[in-house]
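Assemble the dimeric complex from its two separately framed chains, guided by the hints.
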Amino acid sequence: MFMRKPHRHSRPRLFGLIAGQGISPFRQVVMQTLHHALRPSPRVSALILSMCILPTVHAAPEGPKLGQPLTAQELIGLDIHVFPDGYGLPAGRGTAREGKDIYHTQCASCHGIKGSGGSAGELTGTSALHGAHPDQTIGNYWPYATTIFDFVRRSMPLNAPRSLSEDQVYAITAYLLHINGLLDEDAVLDAKSLPAIRMPNREGFIRVWPDGR
Amino acid sequence: MSDGSLSVPDYNQPVAGGGLLDRRLFLKQGVGAGAGLLLVGLDAPASEIPPWMHTPGAPFNNYGQPSNHEREVIRWISANSGAPGNGISWSPLHKLEGIITPNGLHFERHHNGVPAIDPERHRLRLHGLVRKPISFGIEDLLRYPMVSRICFVECGGNSNAGWHEEPIQTPAGYFHGLASCSEWTGVPLSTLLEEAGLLPEARWLIAEGADAAAMNISIPVEKALEDTLVALYQNGERIRPENGYPIRLILPGWEAVLSVKWLHRLQAAKEPVMARNETAKYTELQPDGKARQFTYLMDAKSFITHPSPGYRLRGPGLYQISGLAWSGRGKIRKVEVSADGGQSWAEAALQEPILSKCFTRFRLPWRWDGSPRILKSRAIDDTGYQQPERATLIAERGRNGYFHYNAIVSWAVATDGSLSHVYA
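These protein sequence lines map, in sequence, to chains A and C. Going by this note's numbering, the first residue of the first sequence is number 1, and it counts up by one from there. Going by this note's numbering, the first residue of the second sequence is number 1, and it counts up by one from there.
Think of the hints as simulated: they come from the structure by calculation, not from any bench. A hint or two may mislead.
Here's a subset of chain C near chain A, in silico, CB distances under 10 Å, partners left out [what the hints assert, rightly or not]:
#1 112
#2 123
#3 193
#4 225
#5 265
#6 274
#7 276
#8 277
#9 281
#10 289
#11 292
Even glycine gets a Cβ: it sits at the ideal position worked out from N, Cα and C.
The following block holds chain C by itself, in its conformation from the complex (with noise of 0.2 Å):
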């Protein structure tokens, strides 16, 4: 695509290993760079008009829902066989693109079920450590001002198959999808606090779902008066009940069982109330021993969902990597990826809007030449933290934490164009 000029950079040239290429390839030479690739293998008569042409299309609908083609995109459901609604679905990751995971597509994590809420008899109490304790139904929530914060939220045991002996073979979303991200839209719990009066020696609040399981949690003041939102709805809409209808909390950038679904009670406290998901599960056993307790953040992760296992490169050509990356501690400054195992890295487009504890977009085009490669990406959040190689991540834990796992993940390209979860 070079002119010859030595004024115009030759973006076609790799920057790295791998036959990756410059992130602004797409950007200033259009598509014409990437043309061949999308019509490799496609040969469809010119002349033919669909059947869709010939006849009236399907009435409205009061709900939309996606096209029938595209059924197989969907949740995957690990659950408790003895109790249904005791278990997790993950996102599929790996058939979506942009930040945003559709509401019907955002993971899930249930202890005994999807409680069925009316939301006029639901109401959120305040109690314990306040001046004045009070309750609000959802009405009276819906007329407080609101804010929308786009952010992940993330299971704390997201991608925790990292840890096993052998890598695991799956899509890359039923690995990494306890993640999702969504615009939540809510009512500050500090408003809410204020109102109440939140003495000074309350330090924790013990949170508390109106589900079977009555899940309870202990919240830091601290993080509660600077950005928990008590969420109404969910990418425009009222949240949906596996998400936490009619309100849920949503602790921006920290594990996502403190974002308690379906909450209906806070009580302010002094100490922590010690619950079995602070003290029996979501701590992580270390080499020595201990645990570690109150792992809140969410360290910074990375994935390459496009290409991912499952999917098969139709022969050599222009590809572009497509990836998510985020941080629970702040923004993503940076992402970098290679196709040579790590042994150099070019740096990828972020897309806008780069928000902060929000899924970010990189890109890449690459050239693959049809030899085997591996594929990794890593994230640098804007704190100057690093997404660690997995050998390094279990140096310094163990393999028995089971939570909180952000290794590198690497993906190996065979010649036929199969990908496949490797430790590399």
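Next up, chain A with everything else stripped away, as it sits in the complex (with noise of 0.2 Å):
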């Protein structure tokens, strides 16, 4: 069975930040907020904000809190979301060259020789968006490239997820970024590399959710 290596950055920072600010139940965030509305600082001014558009905290029915505590430990192999600030990358490393022969044993079968006309969706282009049905890709379209690890790892290939270590799956990374040409073909793909990719529709995308309809 496929294990993760714990990675170096994400574990220690997030339990330092619940450990350091002693925060309390979100119910008791939502009273001290208002006690404090009168006497507003930065951070319950910010509070306040918050509270603006979590309007129904008080709906909650109550529980019989029988949730258990949850360990790092238990969550080692479960816990692969992975960020576009690089947060939750494992350590490990790959290069496109690494990946092709990979990419060939593993995803050509429905991808298509460097990525393209299979049954599957397409994985290179660089098509302009604004045209007659544009193919919408890794190269012209996904705007973060920590997207194809976290994707990849956790999905692929269909008939074998999450059997491909984490140095496989850098380097089918790095070599879907290649084909691509967003990545030399030697360049070493890793936990601190990967999310300073800058894709080139980083900016394409128009957030509807909150205030847009």
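Structure (structure tokens):
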């Protein structure tokens, strides 16, 4: 069974945040905010602001509190979300040159040679996004390179998800970036270099929630 | 049917073009006005005693199934030939009535098959920016205070054939049936989040399913606290495997990809994870090359289920037009129906219950004169939002958006009584 190696920065940073601030339960935070509302400080102002879009916190029915403490150990191998800033990326490394063979063994039967022409989604393409029927690929559409790692590690290959090592996922991610012209063949991808890659369509998205429609 | 008195309204007089009648016709005048239609073509011998009255029927069974005569009322599957667990199935909404979708006919979207989850080995874990990371077994969750919510669940990609250049010719449910409506029962997510102690800087919850895709997506904390359920039951029974057994999220009114099935983990975070299904997919490319992202709300939609393509009207006469309307913003306030391609509209009757973020059944009597007609419906929700004409939607969004198609639907009725999908 595939097991994830603990990564360097995320866990200590997370628990440090929790332990360092000594935050009270959410309901108490709201009560505290109301109590201090007449003497606003920057922190309290921020909380009041957040309350404006958290109107129904009072509605939570009381539960029997059967939740069991969850340890970091229990999350090893499960905690696989990778965020755009690199949070959640594991130790390991890979290059496009290493990823090429893995891609052809594990991915090409559905995604085609060099990411194109298979039965599954197109992975390469640089067409403009405002024509008729543009391809929406890693190269011209995906806003974050970290998403490739996150998705490949959790979901691919379809017939054996979670079967690739961390190094293999880094290598395939590097290869997919390489065939989209976004990474040199021998550039090393790891927890530091992957989130530093700026994707061409990084600014191509308009957040509709919460303001727009 | 008029008795000649000026004080009694004649509901048989058309209220809009194409033969649309007053929505109160059936209510005020009983079935007599409509009886003629139901008897058209029925010519059964009067005194035959059917065989099922001569012999004992089948014994009991432990779990009932539909009649064999209804075996064509099925989900329509479209899956990846190389990966049969990756695909969708549509609800046959054109074959159903009322507002509740039977569990075995609820639409599906699976990214890598239906997992066979042992509930005793399944846990829900809450961690990340919480004061106290915790986990729950299913037996634990069954002891929590529950609430029920009757609401629709609709895929963001529902109805997307509407973007096509040519109108798709398929039964209505296999066009608009990536939407279903159930009574969902479960634990308010807010109760569990309060127990874990969500930190104020937590703005998002990254949800993950325990399927072979480990499907993940980011949910705003506001929605999680407002009305999100950790659902255990669907229409009174435990959720079926294909709908998320043993637990799934239900986010009323929001696109269904957020209502993560087989839920096993929620990580509280400052920022969205930017998963594939909130960046590469479920975003809508606009004519200027920019894409709309986090388009959670499902806007008001309606369509006529009866009659619809696949049905054939059996001659001129009185018919009841029936259909579904819903809005992710709230309740349906009004549904209007046209039988003349949108030149005139008549208000349909809305059948109780009319619930927020829920299928609402509308009905309207119609006397078809046998001539070609174009039937349409349009929904208006209680925020005043009105379902747009197709040309309006495309002028605003272009045709590359793929998701969130909610334009007015047009069915053409031909002189032979057949129906087809048209852009009109």
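Which numbered conditions among the earlier hints are violated in the structure presented, ordered from lowest to highest?
none
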